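Protein chains in written order, with this note's numbering: chain G, 1 to 328; chain H, 329 to 600.
Simulated from the structure, these hints should not be mistaken for lab results.
The model shown is predicted, which means the values in this text are computed figures rather than measured ones.
Hints are not guaranteed to be accurate.
What the simulated footprint calls covered on chain G by chain H, stretch by stretch (three residues with Cβ under 8 Å from a Cβ of chain H suffice, anywhere in the stretch; the number is not a length) [unchecked claim]: (1) 191–205; (2) 209–222.
Here are the simulated lysine to any residue pairs, SDA-like style, with alpha carbons at most 25 Å apart [unchecked claim]: (3) H:Lys491 x G:Ala188; (4) H:Lys416 x G:Phe320; (5) H:Lys491 x G:Val187; (6) H:Lys491 x G:Phe192; (7) H:Lys532 x H:Asp544; (8) H:Lys416 x G:His110; (9) H:Lys416 x G:Leu189; (10) H:Lys416 x G:Phe221; (11) H:Lys416 x G:Trp101; (12) H:Lys502 x G:Ala188; (13) H:Lys453 x G:Phe221; (14) H:Lys502 x G:Ala193; (15) H:Lys453 x G:Phe192; (16) H:Lys491 x G:Trp101; (17) H:Lys491 x G:Ile102; (18) H:Lys453 x G:Leu189.
If you anchor each label on the Cβ, the simulated ranges turn out as follows [unchecked claim]: (19) H:Gln588 x G:Val112: 44 to 50 Å; (20) G:Phe64 x H:Glu467: 43 to 49 Å; (21) H:Gly409 x G:Leu106: 38 to 44 Å; (22) G:Leu184 x H:Asp482: 55 to 61 Å; (23) G:Met121 x H:Arg411: 40 to 46 Å; (24) G:Gln210 x H:Gly409: 28 to 34 Å; (25) H:Glu485 x G:Val112: 32 to 38 Å; (26) G:Val313 x H:Glu475: 45 to 51 Å; (27) G:Val112 x H:Arg465: 28 to 34 Å.
Note that the Cβ used here is the ideal one computed from N, Cα and C, for glycine as well.
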Amino acid sequence: MPDQLIFGMEVVLNGLMAGVLYALVALGFVLIYKASGIFNYAQGVMALFAAMTLVGMMEGRVPFSHLINAIFGTEIHHFGWHLPGLAAVLLTMLIMVALAWIVNQLIFRHLVNQEPIILFMATIGLAYFLEGFGDMMWGSDIKKLDVGLPQGINLMIDETTFNIFGYGFFIDNLDLVATGVAALLVVALVIFAQYSKQGRAMRAVADDHQAALSVGISLNFIWVMVWSLAGFVALVAGIMWGTKSGVQFSLSLIALKALPVLMLGGFTSIPGAIVGGLIIGVGEKLFEFTVGPLVGGATENWFAYVLALLFLVFRPQGLFGEKIIERV
Amino acid sequence: MLDASEGYTTEDGRKIGGVVMEMKNITLRFGGVVAIKDISFDIRQGEIRAIIGPNGAGKSSMLNVISGFYHPQEGEVWYQGTRRPPMKPYQVAQQGIARTFQNIALFEGMTVLDNVMTGRMRQMKAGLFAQAIWKGRAEREEVANREVVEKVIDFLEIQHIRKTPVGRLPYGLKKRVELARALAAEPSILLLDEPMAGMNVEEKEDMSRFILDVNDEFGTTIALIEHDMGVVMDLSDRVVVMDYGKKIGDGTPDEVRNNQDVIDAYLGVAHD
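Excised from the complex, chain G in its bound form:
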């Protein structure tokens, strides 16, 4: 087999893995959009906040330590204890639920029946607030996150492929874990949304507030539930990305990469988020591999956006989005 082809296969595989991580972020967007009609600009920042909180918990950092030190002239930074990964994850999830409740109480319950664009603006505000708040709470240094997920080259795949092709593929263990987690998450979310009472209520609320009230659904409960779910997905994405490239501000920018994923997959489709993520992941890696050398490289920066643009022109509802039907 020619070297180029084998190398190409490795590129595709790595693209799939990257795509899964994009899909994870996109999932959070789709969830909130489906359930409340809000495009949540803050999803990326929520992932960052979740990852920061997780690190803070694990290392026993004192929240707001910089602020406290600056005001009182003290020198406290750590409580002096360390939490195991799982306990810290659970605690962080509790904080994300609390955040969901606060966000609903302070912002969204006051914006019932408002235009989508107003809700969108509110999430932009939320994003900037949360970004600053997270920095103030945990500091803006680049943090290392290690909850005990396997990392580094997968030797089994390396050896097997070496025996077959005479060339070992480099696949990161973390990417494999992320793939498994994402698959599990999607199956669980789809079943929940389609076949459970709360999932049905969630879809009902997204569709028509008044009708939802008239069958006995509490809007506030559903909204807190939806934001908690989005917080959970943000936490998972935060763990994966944070482990991969450190917990830092740029984590919130991966949300931008989720936008083209959503345009491809459709804003309302959970499977769409996955397929969209995979297409973008594989697409940008393959494009870089094949066309990149001809145009001087760095195509990964713009490939996804150009693809999204093409979709906007020819298929605005995305691959799996609900076709908009309007009776006149």
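Starting from the known structure of chain G, fit chain H onto it as the hints suggest.
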């Protein structure tokens, strides 16, 4: 006049029971506009109770007071023998008062089956976590509720569109799906806001038949608002007539038909 505790027997021989809901001196204002002025009436077990009146009489406002969408400034709502504190619409629905809307409020993106299933919300008790892990009780509950829903769907003859997204249905069928969703809740009172609005004669006849059948088959108490006088007189056991937010008549269709105030309100009075 009717006795407050005893029921009565209708012309066609149906036994009507005691008072389920009583509105006492309800007044509702929007700023300076008085939508409902000091109105009292009751709804009895198993009857079809109509609220009629010209445009802007306050009929829909009255229905919204009953279903908790509006809260009156004065007056009391009594439900099943106790005074009801001010409630949110979803709490009223959980108490067993189901409703339909004048301009239809369905979940357009969901299938007919899913729409009707949402009507069962108050009967499904399994908590969030039981639902999330999808085991035991939640599953049994889903199956049991699905049976009721299928029965309602059969009853209203919408089996053929069970899996169709509601957004694709014509107007008349949407109205029927909305009725199905309300009926699936097995309500103690079913509120219908202009169930025949915008329908052609054939659709109206169908809808009338369904309303009578529902009342007959399940003994459901029904309170409805309707514009079409002919329909109302045929369907209902007792009628409240409203005009400019005031009650101008209350009684059987025959009594109301011969009430001079009602005739004036509908046909106008000569100013001489």
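To see whether the hints hold, each was checked on the structure:
1. 191–205: Since three or more residues must qualify, the claim that chain H covers the segment 191–205 of chain G holds, with 11 doing so at under 8 Å.
2. 209–222: Our answer is that it holds, as 10 residues pass the Cβ test (under 8 Å) against chain H, meeting three.
3. H:Lys491 x G:Ala188: holds, 23 Å
4. H:Lys416 x G:Phe320: violated, 36 Å
5. H:Lys491 x G:Val187: Holds, at about 22 Å.
6. H:Lys491 x G:Phe192: holds, 19 Å
7. H:Lys532 x H:Asp544: Holds. H:Lys532 to H:Asp544 sits at ~18 Å (cutoff 25 Å).
8. H:Lys416 x G:His110: OK: H:Lys416 and G:His110 at ~16 Å, within 25 Å.
9. H:Lys416 x G:Leu189: violated, 30 Å
10. H:Lys416 x G:Phe221: holds, 13 Å
11. H:Lys416 x G:Trp101: holds, 19 Å
12. H:Lys502 x G:Ala188: violated, 32 Å
13. H:Lys453 x G:Phe221: Within the cut-off at roughly 15 Å; holds.
14. H:Lys502 x G:Ala193: Cα-Cα ~24 Å, so holds.
15. H:Lys453 x G:Phe192: Roughly 16 Å separates the two Cα atoms, so the pair holds.
16. H:Lys491 x G:Trp101: violated, 35 Å
17. H:Lys491 x G:Ile102: This hinted pair is violated, its Cα atoms lying about 38 Å apart.
18. H:Lys453 x G:Leu189: Holds - the C-alpha atoms of G:Leu189 and H:Lys453 are around 21 Å apart, at most 25 Å.
19. H:Gln588 x G:Val112: 44 to 50 Å: The hinted range 44 to 50 Å holds for H:Gln588 and G:Val112, with Cβ atoms some 45 Å apart.
20. G:Phe64 x H:Glu467: 43 to 49 Å: holds, 46 Å
21. H:Gly409 x G:Leu106: 38 to 44 Å: holds, 40 Å
22. G:Leu184 x H:Asp482: 55 to 61 Å: Cβ of G:Leu184 to Cβ of H:Asp482: about 38 Å, so the range 55 to 61 Å is violated.
23. G:Met121 x H:Arg411: 40 to 46 Å: holds, 43 Å
24. G:Gln210 x H:Gly409: 28 to 34 Å: Taking Cβ atoms as reference, G:Gln210 and H:Gly409 lie about 29 Å apart, which means the hint holds.
25. H:Glu485 x G:Val112: 32 to 38 Å: About 36 Å separates the Cβ atoms of H:Glu485 and G:Val112, which means 32 to 38 Å holds.
26. G:Val313 x H:Glu475: 45 to 51 Å: holds, 48 Å
27. G:Val112 x H:Arg465: 28 to 34 Å: holds, 32 Å
Hint compliance for this structure: hints 4, 9, 12, 16, 17, 22 are broken, all remaining hints hold.
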